[in-house]
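S.K.: Given these sequences and hints, build the entire structure.
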Amino acid sequence: MVYENPDGVMIGLEIHVQLNKLATKLFCGCSTDYHTSEPNTHVCPVCMGLPGCLPVLNKRAVEYAIRIGLALNCEIVEQTQFHRKNYYYPDLPKGFQTTQYDYPIVSDGRVVIEGEDGEHVVRIRRAHMEEDPGRLMHMGTIDRSRGTLIDYNRSGMALIEIVSEPDMRSPREARRFLDKLRNILEYLDVFDSTLEGSMRVDANISIAGGDRTEVKNISSHKGAERALLYEIMRQKNIKRRGEEVVMETRHFDEARGVTISMRTKEEEHDYRYFPEPDLVPMRVGSWVEGILETLPELPDARRSRFISDYGMVDTHAKALTSDIRVADFYEEVASKVDPAAAAVWVSDVLKGELNYRDLTVASFTVEDMVKIIELVVSGKVTEKAAVEIIRTILDEGGSPMDIVKEKGLLKVEGDVVDQAVEAVLKENPQALEDYFAGKEKSLNFLVGQVMKKTRGRADARSVREMMLEEIDKNYR
Amino acid sequence: MITKEQVEHIGWLARVNIDEEDAFEFASELSTVLDYFGQLDEVETSGVKPTYHVADVMNVFREDKPTDSLEQAAILANAEDIQEGYIKTPKII
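Protein chains in written order, with our numbering: chain A, 72 to 547; chain B, 55 to 147.
Among these hints, one or two may not hold up.
Covered by chain B, according to a simulated footprint, are these stretches of chain A (three or more residues, beta-carbon under 8 Å) [unchecked claim]: (1) 88-96; (2) 101-109; (3) 122-134; (4) 219-227; (5) 352-361; (6) 417-429.
The hints are simulated quantities; they were obtained by calculation from the structure and are not laboratory data. Just so you know, these numbers come straight off a predicted model, no measurement behind them. Even glycine gets a Cβ: it sits at the ideal position worked out from N, Cα and C.
M.R.: Written as structure tokens, this is what we have:
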């Protein structure tokens, strides 16, 4: 099946990724560990842009940029440099942003995502290094502000801006691209997505026959999907009225789920880019081979390996490798119990229970998961009871064995079930007669009665078998 | 020739107010400066390697090791207005 793309939607994304696994900022030694600190405490003359200061490039930031480029199947430039992008705004007090212009460090790559009709290639146009501006907080709403507060802790953080070609054909594809990108970046160990503001997205979007608009201020993947859905609807309505979509920049209002026109007088040529005289050019082509050798295993490779090493189905492999924390968690569990059982329990059960509660795998320990799987595999608890243990740990805490004891979840077997089966058959002659008369449902009722007597601790399938045996032996 | 409108636009980009009289004067002065630099366009440069930086230096880096930042009080000392550790500016959009 080929996706028709009825509205001719074309989406391109610009993603700003903070290299927050670095210890220091891009051009100075200020620590990147500011997320729980007071404002303006991780700041020096360089990130404040005070006169006379001299930026010096963080070598590891360049290595990270190359690592990202290689993971996105890109070309790495032989020689490159920084430029000044001039604009006057208090988020960068020096009056310009140090960024890259005509020679981005990374260009021409591709990422394969799960598209509307199977595998779909999104081309990467370029990725360049730049510094993050300070954080502004408007007092009151953006259109009725009473002043602005500035925190320069973020100013000077290393960013990679990744620019895709307009290859996505739906908001869902845009979201899948973002998910995939985040996953790759986390596998590369250059970025922690859980920190606030670590990934920020601008989207360019057009429909057939219209100009494109740029939507700014998207701070989550879900937000990107919503902003794009809204923008497609807005552009279609304009087209339906016989009017034309004008090229403009729009601001996404996350709370209201709408995009708002942002009139801007600044044009691209107003940025007056010129080479940054305070930083010297760099020649990094010779680094590529060494960095390639140390590139970690990436999500797609790990997915294939999970299938071949652990013999799991692709849906499990995909679910487990789509987040490095889950994949690491799984491998630890699989090293201690049956990997096949672990695949089912981690990807089908645990992941579902975590998603339902909006929790990450950090909320669960490998030891507890191992214990629970051992309990099921050895037949000490039923699958139903195991799910209950997982839920209880997530909702109330506690250890698997304590929960088993407290809730009496140990599977009852043998004599207890035998007795329950005998008793139920004696107590329900009518149901038994109905069963003999051909009502299959009566058997389900009888099994249900046994489950009730054993408070769900018996295995329903074996109760059914025992029930049939007992009927054949004593009631025919 | 630089126009008065171009001067006003450049002024706006730098958030500097330029009154009408000055704008005419700057337009003529800036035109002279540009003409002067324009002489460079006449130099024959085919076959000359581009200069990326005047210092003949490449690959200057530092290691990813933290150094001390300034005290918050020192950062805020230069600000006209502050609030709870933040620098405060008039309303901006």
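S.K.: Indicate, hint by hint, whether the structure satisfies it.
M.R.: Hint check results:
1. For the stretch 88-96 of chain A, the assignment as covered by chain B holds, since 3 residues bring a beta-carbon within under 8 Å of that chain's beta-carbons and 3 suffice.
2. For the stretch 101-109 of chain A, the proposed coverage by chain B is satisfied: 3 residues have a C-beta within less than 8 Å of a C-beta in that chain, meeting the threshold of three.
3. Proximity of the stretch 122-134 of chain A to chain B, defined as three or more residues with a beta carbon under 8 Å from a beta carbon of that chain, is established by the 7 residues found.
4. Only when three residues or more bring their CB closer than 8 Å to a CB of chain B does the claim for the stretch 219-227 of chain A stand; here the count is 5, and the claim holds.
5. A count of 4 residues in the stretch 352-361 of chain A with a Cβ less than 8 Å from any Cβ of chain B is obtained; the coverage claim is therefore met, three being the minimum.
6. Coverage of the stretch 417-429 of chain A by chain B is violated [criterion: at least 3 residues with CB-CB distance below 8 Å; count 0].
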